[in-house]
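Protein sequences, first through last, are from chains A and B.
Note that the first sequence covers residues 96 to 213 in the numbering used here.
Note that the second sequence covers residues 6 to 150 in the numbering used here.
Mixed in with the good hints there might be a few duds.
[To be verified] Pairs of lysine to any residue, SDA-like flavour, derived with a Cα cap of 25 angstroms: (1) B:Lys24 to A:Arg166; (2) B:Lys12 to A:Thr149; (3) A:Lys204 to A:Ala180.
[As the list claims (entries may be wrong)] Pairwise CB distance ranges (calculated): (4) B:Ala113 to A:Asn109: 27 to 35 angstroms; (5) B:Ala57 to A:Lys204: 38 to 46 angstroms; (6) B:Ala102 to A:Ala203: 44 to 52 angstroms; (7) B:Ile107 to A:Asp202: 48 to 56 angstroms.
Hints were generated in silico from the structure; no laboratory data involved.
The beta-carbon is built from N, C-alpha and C at its ideal position, and this holds for glycine as well.
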Amino acid sequence: MIGKNSASPILSPNHSQINVDVRIRGTITVSEPLVMAGQLDGDIKAGELHIASTAIVSGDVTAQNVTIDGRVHGVIVADEVYLSATAHFEGQLNCHGIAIDNGAYVDAKFIKEPVTNG
Amino acid sequence: MDKLGSKTIIGASATFTGKIANARVVEVHGKVNADLISEKVTIGEAGRFDGAIRADLVVVSGLYEGKMQAGSVWATATASISGKLHYETLQMDRGAALNCHIVHNWRAKADDPEQSNAGNSDVPLPDASNKVKTGTVPSSSKKGV
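Extracted from the complex, chain A is given alone in its bound form (with noise of 0.2 angstroms):
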């Protein structure tokens, strides 16, 4: 019964993805891309981290690359963000290099600075 329905080989993702409805309280550390999608209590470090539009994040975030359309509330340490036309972000942002698009709600203090991490 079990065996019929569940595929057998286990293939194992490099990534990793945070479902919509999940909501986790902790720290998540990978070193492959992330998709957070739910709600997260803590903090993430990532290599490439995309924050999609139902995620709500409340806690620091390191990454090289950060896409975010969702909502993030904390400081993010990253090389490269970039703050879609739905993202809605409060806190600190120490970043290499950002981009913004129209209608992404900022509310942050910036600090430039080479950082490198991940």
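With chain A fixed as given, assemble chain B onto it according to the hints.
Frame of chain A; chain B shown alone:
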């Protein structure tokens, strides 16, 4: 959110610490130290999960340590489970390592502690013996009805 599908995936390089709630389908290929309530949980060959799981279906191919409460558990050949395992149905592939306290039908036992030993009683229940004695007068019972 179509490209996401309905799964939550902790990838091979990921380390997660904390608490996960409201996730329906979870795949773990990295290291997780968390408490999780879900519908279906898959721990991949490279996956390592420490903490409590409560789920309908758990497929274990990696390492698990903690208290698992599940409807169906499938331990594949590469699985290693330690801690506590509460299950209703269990499938073990040849090679799976179980080093744990195993409890069957935990839900029923939690609801009714006497239910588990009701089946093995040789003494007929009081209701049953009464029926045998009064069985000689079925017609009278008909009249009563």
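To see whether the hints hold, each was checked on the structure:
For the hint pairing Lys24 (chain B) with Arg166 (chain A), the CA-to-CA distance comes to about 20 angstroms; that is within 25 angstroms, so the pair holds. Using a Cα cut-off of 25 angstroms, the hinted pair Lys12 (chain B) and Thr149 (chain A) holds, with the two alpha carbons roughly 15 angstroms apart. Note on Lys204 (chain A) and Ala180 (chain A): the hinted pairing holds, with a Cα-Cα distance of about 19 angstroms set against a maximum of 25 angstroms. Judged by the Cβ atoms, the range 27 to 35 angstroms given for Ala113 (chain B) and Asn109 (chain A) is violated: they are separated by roughly 41 angstroms.
Separated by about 40 angstroms at the C-beta atoms, Ala57 (chain B) and Lys204 (chain A) satisfy the suggested range of 38 to 46 angstroms. Separation of Ala102 (chain B) from Ala203 (chain A) is about 50 angstroms and conforms to the stated range, judged on CB atoms against 44 to 52 angstroms. Taking the beta carbon of each, Ile107 (chain B) and Asp202 (chain A) are about 54 angstroms apart, inside 48 to 56 angstroms as hinted.
Hint compliance for this structure: hint 4 alone is broken.
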